[in-house]
Amino acid sequence: MTGVETLSILIATTLTLMMYTILYRENPAFRFGEHIMVGSTVGHAIVLAVFQIRDLAWIKFYQGITTGDIRGLAYIIPMVLGILLYFQFSSKYRFISRLSIAMMLGVGIALSIRGLLFVNVVGQIKGAMMPLTSIKNIAYLIGIICVLLYFVYEERASRVAGPLPKVGRYILMLTMGAYFANAIMGRVSIVIGTLNTLLVAPAWYLIPIALLIVIADAFTRRKKSAEQ
Amino acid sequence: MSLRETLDRNYKQIIYLCLFAVIAIPLMNPIGLPVPIDKTTRDVYDRVDSLQPGDVVVMGSNIGASIYAEVYPQYVSILEHLFRKEGVKVILVGHGTEAPIFAEKALNEIKAYDRKEYGVDFVHLGYIAGGEAAISGMCRDLHSLLNVDYEGHPLSDLPMMEDINDANDFTIIIDFTASADSQFWLNQAYAPYGTDVAFGLTAVKVPDAYAYYTAGQIFGILESLKGAAQYEVLINRPGIAVKGMDAQSMAHLFYIGLILICNVKYFMGEKK
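Chains as they are written, first to last, in my numbering: chain A, 551 to 778; chain B, 729 to 1000.
Hints were generated in silico from the structure; no laboratory data involved.
Here a beta-carbon is modelled for each residue, glycine too, at the ideal position from N, C-alpha and C.
Take these hints with a grain of salt, some might be off.
Unchecked claim - Cut-off 27 Å, straight-line C-alpha distance, at most; resulting in silico cross-link-like pairs (DSS-like, lysine-lysine):
#, chain 1, residue 1, chain 2, residue 2
1, B, Lys833, B, Lys971
2, B, Lys813, B, Lys767
3, A, Lys676, B, Lys767
4, B, Lys740, A, Lys773
5, A, Lys686, B, Lys767
6, B, Lys813, B, Lys971
7, B, Lys813, B, Lys839
8, B, Lys740, A, Lys774
To be verified - These stretches of chain A come out as covered by chain B in the derived footprint (C-beta under 8 Å, 3 or more residues):
#, stretch
9, 591 to 598
10, 602 to 612
11, 652 to 662
12, 667 to 677
13, 719 to 732
14, 741 to 755
Put together the whole structure using the sequences plus the hints.
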């Protein structure tokens, strides 16, 4: 391992431990780590955004100027629309930015509507049409019907449906449980991933130091509060 | 002090310390619990394993620091499997700003540049801004959207890219994400072109993806660190995910214990 690699691991570990100090209490080390993370992420994103404008629009526009190709020249439109977005910061001329926002919304919806309908409506209905040859498929169908009935708010229809909406409610509760359990699994996975990097040398050596600092702080605070 | 009074105290820091111990001890001394393979993971493995020379795989990703622990091990495992397949072409593309960093890290981790030739067997396109619009452009006409790869090499100089123009040329797409990007691939590649899609997801996103999996719209799902561990077992390359499975099981037992204790406290309160 080179010196630079060791140094980068130690910096990463120090920042990780700084972030974990929030589990003890709100403190300046956590704030410092948090601001470094937000700052570096935004800085990286800005640089990439500049490169993207250069590669996806500026170069093509410049080629359009040199060759007279109308398709290249057309790249001036998205660039101008992008600049117009900055009128958001002017209370007087904010309305100008709505042009760009309207364009983005229109293009976004137009692009996604066909796929969304195909995937989330047609595809899901087709997926629900399964042969009732196994217990799994039967349970699946009952689940769909009961949950749909739970969302029927018409009183007479609810009376006809009997206990089925209630079954739908329990199925929804089971689903929420699965969501929550998955969320817990995800959070544990994140801790495992972090500890996987912390529990190896040279990162490992910083953990006792961090623990000692936290313990010293706890004792100092206790002593101060006793004095008061 | 009564049991109820004991339970009423705030044990936040102690719980965190216990959780740290419960996770750290199995990581340092693995127990070796078996890793059963889910059907969702097996389906991804079987599809990747059935790829033929000349097939093109697009690996989309939105891996960032926040989902690194869950999704990155999946990414590395799939990449390793793809690099074992002779003649399979791989395109790496990111729709998150941090994605290219982790793609390069994964390529270096599996020694991709020593094993296969860049531009002939694999290409890293880097980050493409624009979300669904960018994915749509990539699926419709890749070369009109993008002229250069991550390092700035013109795509026209990369032999592999000569015959790859749109989503019709993609054999499969595997997207690694924690956000709505996965839906973008379904909307723009699966729906209009019928390209096979699979997801590598964080645990929170998995229940959403099951709706697509059951309906046959995606051919498989890698579920968080668990999915990565299963894939590592399938390709016989145990890594950090397999190592983490013991810790995961212990942490879940710890959580179940905490839930039981909280319920005991709750019912004692009800009784009072």
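Do the hints match the structure? See the list:
About 20 Å separates the Cα atoms of B:Lys833 and B:Lys971, which keeps this hinted pair within 27 Å; it holds. For the suggested pair B:Lys813 and B:Lys767, the alpha carbons sit about 22 Å apart, so the restraint of at most 27 Å is met. This hinted pair checks out: A:Lys676 and B:Lys767 have alpha carbons roughly 21 Å apart, not beyond 27 Å. At most 27 Å may separate the alpha-carbon atoms for a hinted pair to count; B:Lys740 and A:Lys773 meet this at roughly 21 Å.
Proposed proximity of A:Lys686 and B:Lys767 is supported: the alpha carbons are some 15 Å apart, at most 27 Å. The suggested pairing of B:Lys813 with B:Lys971 holds, with an alpha-carbon distance near 25 Å, which does not exceed 27 Å. The suggested pairing of B:Lys813 with B:Lys839 holds, with an alpha-carbon distance near 15 Å, which does not exceed 27 Å. For the hint pairing B:Lys740 with A:Lys774, the CA-to-CA distance comes to about 22 Å; that is within 27 Å, so the pair holds.
Counting residues of the stretch 591 to 598 of chain A whose CB lies closer than 8 Å to any CB of chain B gives 4, which reaches the minimum of 3, so the coverage claim holds. Check result for the stretch 602 to 612 of chain A against chain B: holds, 5 residues qualifying (beta carbon to beta carbon below 8 Å, three or more required). Check on the stretch 652 to 662 of chain A: 4 of its residues sit with their Cβ under 8 Å from a Cβ of chain B, so the three-residue criterion for coverage holds. A stretch counts as covered by a chain when three or more of its residues have a beta carbon under 8 Å from one of that chain; for the stretch 667 to 677 of chain A and chain B the count is 6, and the coverage holds.
Evaluation of the coverage hint for the stretch 719 to 732 of chain A: fulfilled, as 4 residues show C-beta separations to chain B shorter than 8 Å, against a requirement of three. Three residues within the 8 Å Cβ limit are the bar, and the stretch 741 to 755 of chain A against chain B gives 7, so the coverage statement holds.
The structure agrees with every numbered hint stated previously.
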